[in-house]
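Trainee: If you read the protein sequences in the order shown, they are chains P and Z.
First residue of the first sequence: 415, per my numbering; consecutive thereafter.
First residue of the second sequence: 295, per my numbering; consecutive thereafter.
The hints are simulated quantities; they were obtained by calculation from the structure and are not laboratory data.
A hint or two may mislead.
Listed next, with one range per pair, are the computed distances between beta-carbon atoms [claimed, not checked]:
{"#": "1", "chain 1": "P", "residue 1": "Glu602", "chain 2": "Z", "residue 2": "Ala306", "range": "35 to 45 Å"}
{"#": "2", "chain 1": "Z", "residue 1": "Leu595", "chain 2": "P", "residue 2": "Glu602", "range": "34 to 44 Å"}
{"#": "3", "chain 1": "P", "residue 1": "Ala560", "chain 2": "Z", "residue 2": "Thr311", "range": "22 to 32 Å"}
{"#": "4", "chain 1": "Z", "residue 1": "Ala306", "chain 2": "P", "residue 2": "Ser528", "range": "26 to 36 Å"}
{"#": "5", "chain 1": "Z", "residue 1": "Leu609", "chain 2": "P", "residue 2": "Asp564", "range": "14 to 24 Å"}
{"#": "6", "chain 1": "Z", "residue 1": "Tyr296", "chain 2": "P", "residue 2": "Glu473", "range": "30 to 40 Å"}
{"#": "7", "chain 1": "P", "residue 1": "Pro454", "chain 2": "Z", "residue 2": "Thr311", "range": "53 to 63 Å"}
Covered by chain Z, according to a simulated footprint, are these stretches of chain P (three or more residues, beta-carbon under 8 Å) [stated by the list, open to error]:
{"#": "8", "region": "483-496"}
{"#": "9", "region": "509-522"}
Where is the CB? At the ideal position from N, CA and C, for every residue including glycine.
Each chain, letter by letter, is given below.
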Amino acid sequence: MGQPLIQLQDLVFAWPGQAPLLDVPAFQLDAGEAVFLKGPSGSGKTTLLGLLGGVTVPERGHIRLLGQDVAGLGQGARDRFRVDHTGYIFQQFNLLPFLSVRENVELPCRFSASRKTRAEQRHGSVAQAAQTLLAHLGLDDSALQARRADSLSIGQQQRVAAARALIGQPELVIADEPTSALDADTREAFISLLFAECRAAGASLLFVSHDQSLAPLFDRHLSLAELNRAAKPREV
Amino acid sequence: MYLFRLALASLANRRFTAFLTAFAIALSVCLLLAVERVRTEARASFASTISGTDLIVGARSGSVNLLLYSVFRIGNATNNIRWDSYEHYAKDPRVKWAIPISLGDSHRGYRVMGTTGDYFEHYQYGRRQHLELSQGRAFATDPFEVVLGAEVAEALHYTLGDKLVLAHGVAAISLVKHDDKPFTVVGVLKRTGTPVDRTLHISLGGMEAIHIDWHNGVPARGAGRISAEQARTMDLQPTAITAFMLGLNSKIATFSLQREINEYRSEPLLAILPGVALQELWSLMGTAEQALFVVSLFVVLTGLIGMLTAILTSLNERRREMAILRSVGARPWHIAGLLVLEALALAGVGIVAGLGLLYAGIALAQGYVQANYGLFLPLALPSAHEWTLLAIILGAALLMGSVPAWRAYRQSLADGLSIHL
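If we strip away everything but chain P, and leave its shape as in the complex, we get:
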């Protein structure tokens, strides 16, 4: 614990032919930390997540995940690195509607051998891991787990997405506005469940949202506008 999980250094990113969108001198997220990053739309949030996921590479600077310089890896290796070490939760419609709830949770293990191995080591089998995680997130009913993912309520779907992000114990969970489609009550309940599960799995959490009211729940909160020098002039 306490060692850096994400390290950004002098990161600059611009879409071709445009002014820099991101200019982050330094950012660090430690292992086991739960960080709230406030990012209104247009602040370069999506781009930053793309960089962290290794989908895009920066123009300058370094992105280190677990000490590995992601930008230095090839496309395929970045994809593999992402799924091995990161779980994602999006705003909404996170699930493949035509798969069952349990199959949705198992998806990362289909594409990442290391997450499959870890799920098996901890729970015996991938199916067992999915079931345990779903149970922890209050989706215990096995009939419900066998249902099509799109038959669930939005709140339930987000919990399924959380279980999917956590299966196979990735070191990092990135949540991009996961609560924006939820109402206020379910929102806090969801976040505390997410905290508990991240802690149990030993995963760090990077929670990106424009909703400042959630910030106090986290170990640390910062704003992308403060981090990103390129964003400042535009906010004026």
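Once you've looked at the hints, dock chain Z against the given chain P.
Mentor: For chain Z alone, coordinates are given in the frame of chain P:
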């Protein structure tokens, strides 16, 4: 393997479009195979309109012409041949059997053929099938007996014992009828699917009898007329016939005998090999058959383009699906593979369903087609040629599937993990 399951699940999610797409492919595949099968069988059946006959001999003209009038009852002979020429070859030691035929009269648009009892014994069609009677018997010694082809009996509602009058000439409406000498139906042949079905068969004696009082193409009048009763007592040995068919003891003799007949000194004759003449005739009709094949190929192409359109249209609404898959670790080539598998699954289901439709169709139509068109469509497994066609269709589907695959690949690289709603 998991990708294939995902592709199927995704297709099942869009089952209505997927069903229609696969159905369009199935119909086109069924059409292609049906055309192919009918084509093959039509050629085979055409080639087996007559079988077992080694040579057909008639007056010297063209081989297709001789084949047309002697076997297909189309057109007319340019000339008759003498009875003694027939006898000369019928007695040849190389000849196993000989069937004389005499044409020129008709009954309500159907051709009348004079022949001998040997016709029912030796004439073969299809896969060496002999003619069979469905009712009655072959004509016997009485000259005014007629055996009907299946279609004649059915279309004109004749049964055993009915009397009918033959018309002189082969025009559909003939002004000159042999109404003084009616014929009695003594037999009806089973359906063969060949021109035999459309023929009335009488004995050569009968043919001779109805023309016995004719001179220079017109019937005699008044005292010159000869009644049917009188005719029965007369010598009805014909002096000329239209053509004759030969079956030989040994096939090896076919060519030498053919040459001999073609060089026969006392009368200009033409001998043809039915198989060769049939091939010549078929090659004349081959163009239409190939056009049909080309059209059905285009129908398959249309089906596949329908599939391409359906997949391409779905791409945009499935960007979210792609982004989710990317976020759980699917690499761009996984996404591309997913779409190729989808195309393959649609084409595969289409092909299997097309085969199913084809076999169901054949099973249903087999009896009807055989009875009415003389085509036997076998319920056989696809031939090597048909497998090749199916493989080409699958290959084309693969090629088509790579178009949306490539687009999705580019798209998923550009979209990354951002979910477009």
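Trainee: The structure should be examined with respect to each hint, and the outcome stated for every one.
Mentor: Hints versus structure:
1. A beta carbon spacing of about 37 Å between P/Glu602 and Z/Ala306 agrees with the range 35 to 45 Å that was offered as a hint.
2. A hinted range of 34 to 44 Å is violated for the C-beta pair Z/Leu595 and P/Glu602, which are about 59 Å apart.
3. The supplied range of 22 to 32 Å is met by P/Ala560 and Z/Thr311, whose beta-carbon atoms lie about 26 Å from each other.
4. In this structure the supplied range 26 to 36 Å holds for Z/Ala306 paired with P/Ser528, their Cβ-Cβ distance being about 30 Å.
5. Checked against the hint of 14 to 24 Å, the pair Z/Leu609 and P/Asp564 passes, with Cβ atoms roughly 20 Å apart.
6. Checked against the hint of 30 to 40 Å, the pair Z/Tyr296 and P/Glu473 passes, with Cβ atoms roughly 36 Å apart.
7. About 39 Å separates the C-beta atoms of P/Pro454 and Z/Thr311, a value inconsistent with the hinted range of 53 to 63 Å.
8. Counting residues of the region 483-496 of chain P whose beta carbon lies closer than 8 Å to any beta carbon of chain Z gives 5, which reaches the threshold of three, so the coverage claim holds.
9. Three residues within the 8 Å Cβ limit are the bar, and the region 509-522 of chain P against chain Z gives 7, so the coverage statement holds.
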